[in-house]
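Got chain A sorted already, so can you dock chain B with the ligands onto it with the hints?
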Amino acid sequence: MIDSTTNSRFTNKQLIIIYTIISLVCLLIVWELVARFTSASMFLPPASEVLTAFFRSFAEPIGQHTMLFHVGISLYRVAVAFLFATVIGIALGVGMGYSRLFEAIFKPLFEFIRPIPPLAWIPLSILWFGLSDTGKFFIIFLGCFCFITVNTYDGAKNVDPELMGAARMLGANERQVFFKIVLPSSVPYIFAGLQIAVTAGWSAVVGAEMIQSNEGVGWVIIRGMSTGNTVQIMVGIVAIGIVGFILANLTSALERRLCAWNAQKGI
Amino acid sequence: MVEKKQPKVQVRNLTKKFGDLLVLNDISFDVQAGEFLCIVGPTGCGKTTFLNSLTKLYEPTAGEILLDGEPVDLKKHNIAYIFQEYSTMPWLTVEENVRFGLDIKGVEKQKANKLVDEYLDIVGLTKYRKYYPDQLSASMLQRVVIARAFATQPELLLMDEPYGQLDIQLRYHLEDELISLWQRTGTTVIFITHNIEEAVYLGQRILVLTNKPTSIKQAIDNDLPRPRKIASPDFVKLRNEVTDLIKWW
Ligand SMILES: Nc1ncnc2c1ncn2[C@@H]1O[C@H](COP(=O)(O)OP(=O)(O)O)[C@@H](O)[C@H]1O
Ligand SMILES: [Mg+2]
Chain A
3 MIDSTTNSRF TNKQLIIIYT IISLVCLLIV WELVARFTSA SMFLPPASEV LTAFFRSFAE
63 PIGQHTMLFH VGISLYRVAV AFLFATVIGI ALGVGMGYSR LFEAIFKPLF EFIRPIPPLA
123 WIPLSILWFG LSDTGKFFII FLGCFCFITV NTYDGAKNVD PELMGAARML GANERQVFFK
183 IVLPSSVPYI FAGLQIAVTA GWSAVVGAEM IQSNEGVGWV IIRGMSTGNT VQIMVGIVAI
243 GIVGFILANL TSALERRLCA WNAQKGI
Chain B
2 MVEKKQPKVQ VRNLTKKFGD LLVLNDISFD VQAGEFLCIV GPTGCGKTTF LNSLTKLYEP
62 TAGEILLDGE PVDLKKHNIA YIFQEYSTMP WLTVEENVRF GLDIKGVEKQ KANKLVDEYL
122 DIVGLTKYRK YYPDQLSASM LQRVVIARAF ATQPELLLMD EPYGQLDIQL RYHLEDELIS
182 LWQRTGTTVI FITHNIEEAV YLGQRILVLT NKPTSIKQAI DNDLPRPRKI ASPDFVKLRN
242 EVTDLIKWW
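If you read the protein sequences in the order shown, they are chains A and B.
Each residue of the first sequence is one higher than the last, beginning at 3 in our numbering.
Each residue of the second sequence is one higher than the last, beginning at 2 in our numbering.
Think of the hints as simulated: they come from the structure by calculation, not from any bench.
A couple of the hints might just be wrong.
What the hints assert, rightly or not - Result set (EDC-like, lysine to aspartate or glutamate): computed pairs, CA atoms no more than 20 Å apart in a straight line: (1) K230/B x E198/B; (2) K57/B x E176/A; (3) K76/B x E164/A; (4) K76/B x E176/A; (5) K182/A x E97/B.
Just chain A, with the same shape it has in the complex:
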């Protein structure tokens, strides 16, 4: 563990950043050495080469577009699907958690769909939506909507009955109980779900872009594979990793702001 009392020169936060950088640098060095001096060099290009290609990809296009465009188009696809997943996931989760009838109708259906991996839908998605963007939205949607639904459902199920009682005592009708108690007290659960879902949706983008496309980080990888370009595959992987990392941090920063009442506990 990082102990702040023995290392008074740095704050805990600074230390965590320092350790993160050290771990990253070590990874890069090991990667570089393994790729240069062992037989792994057959399938693993060295870190320096991948990183150079990665940075160059912002200036020189891969296919028809530069990296920024590929990342942008993939983010756009995730964003659209994520938006739908958020609206439908929250509505479904809160509905199932709050109303017995709703739960009886939708839960079995949901439980049936939930374990099916998003990639298993690709053939159907092509049949239904052709090769349009709609099919990609559909796959990403399936990749993230379950997480949002499950977490929201958990939240709505775990509402403190005392609080609902207190609201009813103050004269609240069912609609007010729902919007003023059930929904807000589910917010931390919803956020936990959104956080997982953003990452899951971003992961699903590769699968979604396996349905024929001409751009996107998933396409960069798929294209690298079909042309035997290992460096390009790894450039795509690096891009996906970095964007995923940024997304995860953005959502948790957003959560800290919006759920201040809940975060205070830990601090």
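This is chain B with the ligands only, laid out in the frame that chain A set:
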């Protein structure tokens, strides 16, 4: 001409069974408007059950409870209910919690602001208005709940062992605050406790209940002057009187 004043609350032959378990056995009493009534009874005798029957959470097995001569309707009657658990909304700040009941009742914004300010000040939480419940101590939380209840200007305030979990110092303090709020607002209070001293300290009238199946053992008028001194001979005498009546042990 002398008009006969209608009691605020009329409890008529109230009986409540849970299955075969007879809890409340044919209870009748009145509460006058503006009265501070304490109900004392052993744990498990059905005090909470009585309040839950009053607020329609439970359906009485027989008998009825009337408020201003009518059956209780939470949407119409303005009742506040404070229980032992501090039911503050953790996602709302202190001031938003106090405002909660006013929002529910659709009180107009400017009036609500004024009431919130007023009651935050009365319970001494103005400085903490932007805090979240997680940052407050137990006694402050209970004050938030009390401010929330009084801000809605209830015609009837029900309290179910609200100070059961607090230490004695804080209890005295909050009890004094409660009395001064009651005197200031003239609201009708039904205060439930199993603590005899608390009942003698607060009540204008004390209703002593028996063990299950529960009926009313006796109603005692308590006109000791306020502020009451728990060590004064009159106080001790009345406390012993109530204790003798009870002898649950
Ligand atoms: N919903 C319920 N179902 C069955 N029994 C109950 C219920 N609520 C209370 N009781 C029983 O009624 C009795 C009185 O409970 P309660 O009113 O909570 O007592 P008090 O508040 O005086 O301590 C207890 O024996 C309790 O077990
Ligand atoms: Mg009780």
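Requested in this report: Could you work out which earlier hints the structure fails to respect and list their numbers in ascending sequence?
Outcome: Of the numbered hints given earlier, the structure breaks none, since each of them holds.
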